[in-house]
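Protein chains: 6
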Amino acid sequence: MKKQRRRNTVMPIIQMNLLEGRTVEQKRNVVAAITEAVVRTLGVNPDQVRILINELGVEHFSVAGQTAAMRQAAAAPGAANTKEL
Amino acid sequence: MKKQRRRNTVMPIIQMNLLEGRTVEQKRNVVAAITEAVVRTLGVNPDQVRILINELGVEHFSVAGQTAAMRQAAAAPGAANTKEL
Amino acid sequence: MKKQRRRNTVMPIIQMNLLEGRTVEQKRNVVAAITEAVVRTLGVNPDQVRILINELGVEHFSVAGQTAAMRQAAAAPGAANTKEL
Amino acid sequence: MKKQRRRNTVMPIIQMNLLEGRTVEQKRNVVAAITEAVVRTLGVNPDQVRILINELGVEHFSVAGQTAAMRQAAAAPGAANTKEL
Amino acid sequence: MKKQRRRNTVMPIIQMNLLEGRTVEQKRNVVAAITEAVVRTLGVNPDQVRILINELGVEHFSVAGQTAAMRQAAAAPGAANTKEL
Amino acid sequence: MKKQRRRNTVMPIIQMNLLEGRTVEQKRNVVAAITEAVVRTLGVNPDQVRILINELGVEHFSVAGQTAAMRQAAAAPGAANTKEL
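Protein chains in written order, with our numbering: chain R, 1 to 85; chain L, 1 to 85; chain S, 1 to 85; chain B, 1 to 85; chain D, 1 to 85; chain H, 1 to 85.
In isolation and in its complexed conformation, chain R is listed as follows (with noise of 0.2 Å):
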């Protein structure tokens, strides 16, 4: 019962940004996964855990000043793989 009660005021509330083109099977097995990892490590029910994606467009996402469009368009010549962006 000491457990039923301490259960009840967690609340691991998780905002994950994420760059666009994920597929809905991607981002299903994402919030599955971590989730679970939450789960596991924190002691909590399932219940408790709540995700919200927010999807960013490329424009929207810069590092060192430079949206993630402009890297993958400099990353484009000659780059065969830039799915993991």
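Simulated from the structure, these hints should not be mistaken for laboratory data.
One should not assume that every hint holds.
Some chain R residues close to chain B (C-beta under 10 Å, calculated; not the full set) [as the list claims (entries may be wrong)]: (1) Met11; (2) Ile13; (3) Arg50; (4) Leu52.
With beta-carbon atoms standing in for the labels, derived distance ranges [claimed, not checked]: (5) Glu36/H to Ala76/R: 31 to 39 Å; (6) Pro46/L to Thr23/R: 16 to 24 Å; (7) Glu36/S to Pro46/L: 45 to 53 Å.
If you're wondering where the values come from, they're calculated on a predicted model, not measured in any experiment.
For every residue, glycine included, the Cβ atom is placed at its ideal position computed from N, Cα and C.
Please build the complex by placing chains L, S, B, D and H on the supplied structure of chain R, with the hints as guidance.
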């Protein structure tokens, strides 16, 4: 060099809201587990996963208009019902 | 002038995460009602209350590792139990 | 039952940024009032309304490039009333 | 090496909420300018500055309980210039 | 009056996540510099730029599943390689 550039633009960036009271070890475990979950399901490098923890005091989180502190007090021995918390 | 200066530094700034599907009228009603609630309880000017709405698609919010889309599908006629969603 | 299903997919998760200095009672009052406002205008259950308070120190909020602390200091000489800041 | 170590722990991760309507060029300019400002004042590497843009529709931002759309409509008759809105 | 109305609806609202350890002066400098950068590139009034700083402890930020505290410890004299942090 190409790889370097690619790594710089990936995400995800994850923000996790937690009620205060977790140990350092628990917090280290949960970020390691979430990172592993994201790497496995999205196929990104571990370096690309950033997690920010936002710890909230028991007066700073409410469900149904009652703060966690109020709910914890209500759940003290003698209180019949904590299931909605 | 003193009043002008004071107004510039107050908050609150409120971010509300909503599943998509609300009408414009509903969204206008809820921000008006929240603003009134904050003004009344915190004693601030209406001008000091800023609200940002973040609307999430049904694949972008999950509870217990299941997205809202999965839960809506499961709750379709024939599904017995949706109370935990 | 349709109503039940609709309610199950709602989720106002609300984050409120406040300057530090409010009493516990004020914070309890404002989350109760916001919850009531959301329930009334969106037709959700109180249980579905989660509010997170993020309290900021006076050096951690700025308008026009000046922190609240700087504004409070500027407003101090002769200014009778800064309690709403 | 000390510098190396210091760089390793920094991380301005910046989220900027903007009303929709800016051009790609404006958004590229503002992230470049913010990055430069952070690098100059905090002494970090450009690579360490990540900026996420969250673009809001005119019904998704309110001041004083009125959405930007309502304010734009109210300001329209005879108002020559609303581009800064 | 028109100007007054227009000012009330503008943004941006910026949230900056920083590891703890900056001085007040550094934080004042960075918000002043960011504000100037935004005013210059987006053509808004300084009053329209609001910045919130969220300061994180060294156990509350992780890259690759390791908290900043773990990385700082690993980077202590004798540790060979910290460049990926």
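Hinted contact Leu52/R with chain B - closest CB pair below 10 Å: 7 Å, holds
Pairwise beta carbon distance, Glu36/H to Ala76/R, judged against the given window 31 to 39 Å: 34 Å, holds
Closest C-beta approach of Met11/R to chain B relative to 10 Å, hint status: Met11/R check passes; min Cβ-Cβ to chain B is 7 Å, inside 10 Å.
Distance restraint hint 16 to 24 Å, applied to the beta-carbon atoms of Pro46/L and Thr23/R: About 22 Å separates the Cβ atoms of Pro46/L and Thr23/R, which means 16 to 24 Å holds.
Minimum beta-carbon distance criterion (10 Å), Arg50/R to chain B: 7 Å, holds
Glu36/S paired with Pro46/L, Cβ distance criterion 45 to 53 Å: 47 Å, holds
Evaluation of the interface hint that places Ile13/R against chain B, nearest CB under 10 Å: 6 Å, holds
Violated hints are absent here; each numbered hint is respected by the structure.
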